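Asker: Sequence:
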Amino acid sequence: MSIGEALQVGIVTGVVSLAVTVPLDSLLWQQFPLCWPEGMVLWFNAIDNRSSEWGTEPWWWYFGKALPRALLGTTILIPLSFLHIPNCFHRLQQQQPRTTEIIVNAMPIFDGTMVPFVIPVMGFVALYSFLPHKEMRFIFPALPMLNAAAAHALAGLHEAAVRPKAIKKVDHDEQQQQQQHDHSSRIRSWWALCVWVGGMMALLVTAMGSLLFLAVSTQNYPGAAMSGVSLFGQREASFSSVSSTTTTATTTWTFTKSGYEAEHQDQGPLSSDNSTSSFTHLLTEESHVDGFRTIGIAPGQPRIDFRNRRISTRDTIYILERTDYI
982 MSIGEALQVG IVTGVVSLAV TVPLDSLLWQ QFPLCWPEGM VLWFNAIDNR SSEWGTEPWW
1042 WYFGKALPRA LLGTTILIPL SFLHIPNCFH RLQQQQPRTT EIIVNAMPIF DGTMVPFVIP
1102 VMGFVALYSF LPHKEMRFIF PALPMLNAAA AHALAGLHEA AVRPKAIKKV DHDEQQQQQQ
1162 HDHSSRIRSW WALCVWVGGM MALLVTAMGS LLFLAVSTQN YPGAAMSGVS LFGQREASFS
1222 SVSSTTTTAT TTWTFTKSGY EAEHQDQGPL SSDNSTSSFT HLLTEESHVD GFRTIGIAPG
1282 QPRIDFRNRR ISTRDTIYIL ERTDYI
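Just so you know, we're using the numbering used here here: the sequence shown kicks off at 982 and counts up by one.
Don't read these hints as lab results, they were simulated from the structure.
Quick caveat, the model's predicted, so the values are computed rather than measured.
Just so you know, not all the hints are guaranteed correct.
Said to hold, decoys possible - Ranges of calculated distance between the beta carbons of each label pair, as one might list FRET restraints: (1) Phe1091 - Asp1029: 42 to 50 angstroms; (2) Leu1023 - Ser1259: 31 to 39 angstroms; (3) Ser1198 - Cys1175: 31 to 39 angstroms; (4) Leu999 - Pro1039: 32 to 40 angstroms.
We put the beta carbon where it would ideally sit given N, CA and C, even for glycine.
With the hints as constraints, model all of the structure from the sequences given.
Answerer: Structure below.
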């Protein structure tokens, strides 16, 4: 497909998609005449560049921290995807017959198979690096292709270690050179096998690390931990999510979907007389507020405690109830 054809398909698909989704979003969000959530996010982040209000990271953060953290051990395999690994091991033979030197040198070292796939992905990450506000989820679309490049490299290691390409022997009369060549080939095979085992270990470390991060992430949503609180059995209750990015992002929606009133207030330390008297319950990161008692605590901010071999959390969100609420 040419660039022109790709643009034509993209434009037609975009117009049709917007024609279907914008009226539906406008209806669901109750914003008329038109509501385009994706366009609003794009404008907020790229045009107004206001995403920095939620924190900033240095320009190299995606390449230096986010990608290695997401790919784990497979990060070291990605550069190898640009090499023809079996040929590299052939070239690394320390001794070889003169008659085979021309054959070995003719073998290409660089492999451009993954270049058309990896370069656009890295460009995608580089463009996102210009935005001051950075999050791991922004570059999730790049991970499948980078994992494919790592798989390509691992396949090359497997080919070099398990099924090494044989070099044609031409000097059958020179017995000594032939023995040197066979010894060099055995060394190459052992080195290739060791590197392949290293690649498999990197894959194993990645799999184990991903499972560990999955276990940690289940503790990283404090709002979900409060869904079972008996508070939901009450009929008339008003809630306030106060002075907390965490409670606003993870809790307000939980109670809103449950049919309760939720209100966010940006203010200082809470007290019973600063705009909290109209609420029966508070969702806050403050453990004590005058006139309220604690009825529930949601853990969050998980971290791996290697010494005790467990996932540690801390009290993140407190559910407070008025002392005179019945």
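Asker: Evaluate each hint against the coordinates.
Answerer: Each hint, compared with the structure:
{"no.": "1", "hint": "Phe1091 - Asp1029: 42 to 50 angstroms", "in the structure": "holds (43 angstroms)"}
{"no.": "2", "hint": "Leu1023 - Ser1259: 31 to 39 angstroms", "in the structure": "holds (37 angstroms)"}
{"no.": "3", "hint": "Ser1198 - Cys1175: 31 to 39 angstroms", "in the structure": "holds (34 angstroms)"}
{"no.": "4", "hint": "Leu999 - Pro1039: 32 to 40 angstroms", "in the structure": "holds (35 angstroms)"}
In summary, this structure violates none of the numbered hints.
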